[in-house]
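*Asks:* Counting in my numbering, the final residue of the sequence shown is number 908, and the numbers go up one at a time with none missing.
Don't read these hints as lab results, they were simulated from the structure. Among the hints, erroneous ones may be present.
[Stated by the list, open to error] Once the Cα atoms are required to be at most 25 Å apart in a straight line, the calculated SDA-like pairs of lysine to any residue come out as:
#  : residue 1 : residue 2
1  : LYS370    : ASP768
2  : LYS370    : GLY398
3  : LYS182    : GLY458
4  : LYS370    : TRP416
5  : LYS370    : ARG80
6  : LYS182    : ARG869
7  : LYS182    : LEU886
8  : LYS182    : ALA215
9  : LYS182    : GLU57
10 : LYS370    : ASP776
11 : LYS370    : LEU766
12 : LYS370    : GLU57
13 : LYS182    : VAL879
14 : LYS370    : VAL654
15 : LYS370    : LYS182
16 : LYS370    : VAL879
17 : LYS370    : VAL894
18 : LYS370    : ARG898
19 : LYS182    : ASP210
20 : LYS370    : GLY652
21 : LYS182    : GLY462
22 : LYS370    : GLN788
23 : LYS182    : ASP868
24 : LYS182    : THR52
25 : LYS370    : GLY330
26 : LYS182    : TRP125
27 : LYS370    : ARG424
28 : LYS370    : GLN630
29 : LYS370    : GLN435
30 : LYS370    : TRP820
31 : LYS370    : GLY2
32 : LYS370    : HIS813
33 : LYS370    : VAL794
34 : LYS370    : ALA650
35 : LYS182    : ILE160
[As the list claims (entries may be wrong)] Estimated spans, in silico, between C-beta atoms of each pair:
#  : residue 1 : residue 2 : range
36 : ARG882    : ASP732    : 31 to 39 Å
37 : GLU689    : ASP219    : 38 to 46 Å
38 : ALA156    : PRO98     : 20 to 28 Å
All C-beta atoms in this analysis are idealised placements derived from N, C-alpha and C, irrespective of residue type, glycine included.
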Amino acid sequence: MASLRSVLDGMAEPCDDARPMVRWWWFGPQVDRSGIARQLHAMRAAGLGGAELSFVYPLTEESEEFGSPEFLDHLDYAAATAAELGLRLDLTLGSGWSYGGGHIGPEHAARGLRWEVREIGPAAHRAARSASWPGDELLAAFLAPGAPGEAAPGGYEPVPVGPAGAAIPPGAGPRTVLLVWSVLTGQQVKRAAKGAEGPVLDHYSAAATRAHLSAVADPLLAAAGPDRIGAVFCDSLEVYGSDFTVHLPEEFSRRRGYDPLPYLYLLRVEGPGHATFRADYYRTLSELYEENFVAVLGRWSQDAGVDLRIQNYGEPPATISSYRHAQAFEGEGWGWLGLPETRWAAAAAHRYERPVVSAEAFTWIHSPSLRATPLDLKGEAHEHFLSGVNQFYLHGWPYSGEDAPGVGNLFYAAGALDDRNPWWPVMPELSRYLTRLGWLLRQGRAVADVAVLVPSAAIYAGMGTGGPYGCNLWRGTARALGDIPARIRTAGLDFDLLDDDALAGLDPDTFRAVVVPWRSPLGSRARAFLRAARNAGVAVLTIDDDPGQVQPAPERWAGPRGVDLRGDSVPGDAMPNHAVPDGAELGEVVPADRLAQVLIGRIGADCAVRTGADVVGVVHRDLGPVQVYLVVNTGAEQVRTGLRPRAGYSRWALADPAHGTVLDARTLERTDEAPPWIEVELAPYGAQVLITGVADEPWPAPGEQGVRPREEEMEVGGWSAGPAEGPLRPVRLPHVWEGDGEVPAHLGSLRYEAVVTIPERVWAGEPASTAQVLLDLGPTQPIDPAALAERGLPPQSFRAEVDTPVGEVAEVIIDGSPVGHLWAPPYWIDITEALRAASGPNGPDGGGPGVTEHRIELIVHSVGSRAVAADAGLPDRIEATRRRHGVRFRMQDLQHATTTVVSGLRAAPRLVVRHR
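Whenever a hint applies, use it, and build me the whole structure from the sequences.
*Replies:* Structure below.
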């Protein structure tokens, strides 16, 4: 049974299963055994749990081939070495993304629809069936009176297509012909390794999926050994323009009850019934993807004895529920007040009872490569935790041999998280932090009081190549929901998403509230669930507007001409059975801007935040006897606020997730009235863990919340600086390397030293144990938004929006003894014990003056992008690989490698003496 003690013990020593993993890029794939062994040892030393192997484009003119005997031998060696080191190794079932390669022929390659619009006169015409490209096939032809742009949407009529093409009869005046072709998209595998080039496979075809598994996955897994592999992996779906497959007409007719070919023009023209037809069409694609790709992949992995981990979003239009065929669910993207892909994955994991939700984290962290800081990583990690994630796959570790020229190998996009980062000495601490919170957020069950129904029909109806979200159901959902997620989160609540399939077998009282985004058509299963939820006392709330502006007008939901949508021939819960919910199903209709207030009034906040609810995020785990809340400041300013959990409790404790230690604790004097606010103080990008309980168990003694100790400050002067092993020279603080011509441009670390005298009065007149000496590097300041805009980071690129007193990490050494690292607010560290140890028997504990002079060393580490900017040969090496292997990638944001880098001590450190 969970208890406060078990939670604190688990935080102090979390299980290794929660250690962060790292994506390990093999470029070429050109690797060797010594490089494999060295980098796996470095991963273990950094506190990482292992690696996910990813095989990508060459960075050398000569390279092994993907799938060659030499490559498979290196794969076998990597798996054996990882197993010996106690590291997990995951395996991507292909090179680059999405799945495909030279083994995929035209019969198995991705296909899409191509539209051809022509204006013709009154004379008869014939549209030949001959293809302009191999694999093209004329599917349908339509004719409407009037020129393009003037033809009435309801005026299109099908023209029969025979072996010779479409015979267009004579008519009157200008007319518009619309031809629909099935074509090979031509998309090639992105970032492919040498020998892995070729078309992306048709994700709607089981035969294509099996062909890839046979040609690529089977040899990879045989070489690595299934007993040495943690999971096989499928990256996000990026099969662009793939909205057709050769068996779609047959499958559509079987599932929807009518032939789609006479109505294909409604995918292009907003005519009568277009919304219903598009919903039918794209839902059929979702079903074909799930059945012929995910389910096939899932069965293969089960037969092989390995878990399948998948990023189930993108194009094709993957639903939330199609995750269920895998064992491990993964997302990417950050933004706790929105709907990132991590939230999509977490919703599926909660519904289908998968305890681990992973994130491909730091994909675009503070671009370019090697620019990110540990504080950037911590800040983005918090965003993932708040979205339901409890396992990290760091993006990523570029394989780079020891003989690689210049800065070495880099992935084309941020980040680059390996031991070339000058700040790497703090990586074990960061790994431990992620491990500790990852373990904590696996305990018990996730608490989400609100369910948001995904309005699939309306999102499908807005789909289409070239549209605002293409065929991407996740992206369409995020657009449709608008700021609904933010309104729920800032109300002190959390939510899950439910699609149609997720409702099957779900108890109607699982959630306290159900939100219907707006009055859009819902399937019979969803309407029945809403009725049952209302009967069970659940608050059903319907938003009365369309925040994403994707809802087609009601008249567009009529059936296509000639199709009886009320017929019993339509199987299951097909889209034609969708209808706009009636009053009994809609529940209470509320404006979007009042959603938060109505939710609080109907069900109350799960954990109310007194002030700053748009900056302070909370995620809640129910462990039964105790409740655990991770409380995060996602902003650049310190926050003082109060928390008030709904769950009953008589005791609470606040713990530091960096160390798993208790910061404060209380036992309530009365439990028959509303508890007082629990006061918290959160540093910029800081976090604390709130634990509440009612059990009669030992509880920490109360802290000194609100009691400020008496403080005195002492400046530290006389600083010198120099290389780690070289001579020092006097410097004046603040000291910024970029403005000091004596600091080499590529340098990543610099040593600072000063001698400080501790006055005897610090210890005099009271027991030494009451004096606490802190080394404080200085405060942080939020970055001016105008400066951020000028920097021009990509919108998906996270950075901590704060100026720090050190750029970027300081190792603290007192009198030759390491004390710790400073890399996140607050930038102070307790050096009392180090001073005592150096003072000897006549120091503070002995009552005499002892040694009062102490040497302070600060080893300051900057970022690796300084070396990137200084590597003059990098552009030429990239160009050489392009000449040899083609343009397979484009390095991003290298022009910003040092744009905002400010290395060194940006403020003068001071000593702070606290007397309690």
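*Asks:* So, for every hint listed, does it hold in this structure?
*Replies:* Hints versus structure:
no.	hint	verdict
1	LYS370 to ASP768	21 Å, holds
2	LYS370 to GLY398	29 Å, violated
3	LYS182 to GLY458	20 Å, holds
4	LYS370 to TRP416	14 Å, holds
5	LYS370 to ARG80	23 Å, holds
6	LYS182 to ARG869	20 Å, holds
7	LYS182 to LEU886	21 Å, holds
8	LYS182 to ALA215	24 Å, holds
9	LYS182 to GLU57	16 Å, holds
10	LYS370 to ASP776	21 Å, holds
11	LYS370 to LEU766	23 Å, holds
12	LYS370 to GLU57	37 Å, violated
13	LYS182 to VAL879	11 Å, holds
14	LYS370 to VAL654	21 Å, holds
15	LYS370 to LYS182	30 Å, violated
16	LYS370 to VAL879	34 Å, violated
17	LYS370 to VAL894	19 Å, holds
18	LYS370 to ARG898	21 Å, holds
19	LYS182 to ASP210	21 Å, holds
20	LYS370 to GLY652	16 Å, holds
21	LYS182 to GLY462	19 Å, holds
22	LYS370 to GLN788	16 Å, holds
23	LYS182 to ASP868	22 Å, holds
24	LYS182 to THR52	18 Å, holds
25	LYS370 to GLY330	19 Å, holds
26	LYS182 to TRP125	22 Å, holds
27	LYS370 to ARG424	12 Å, holds
28	LYS370 to GLN630	16 Å, holds
29	LYS370 to GLN435	21 Å, holds
30	LYS370 to TRP820	17 Å, holds
31	LYS370 to GLY2	20 Å, holds
32	LYS370 to HIS813	15 Å, holds
33	LYS370 to VAL794	13 Å, holds
34	LYS370 to ALA650	11 Å, holds
35	LYS182 to ILE160	41 Å, violated
36	ARG882 to ASP732: 31 to 39 Å	34 Å, holds
37	GLU689 to ASP219: 38 to 46 Å	42 Å, holds
38	ALA156 to PRO98: 20 to 28 Å	23 Å, holds
In this structure, the hints that do not hold are numbers 2, 12, 15, 16 and 35, in rising order.
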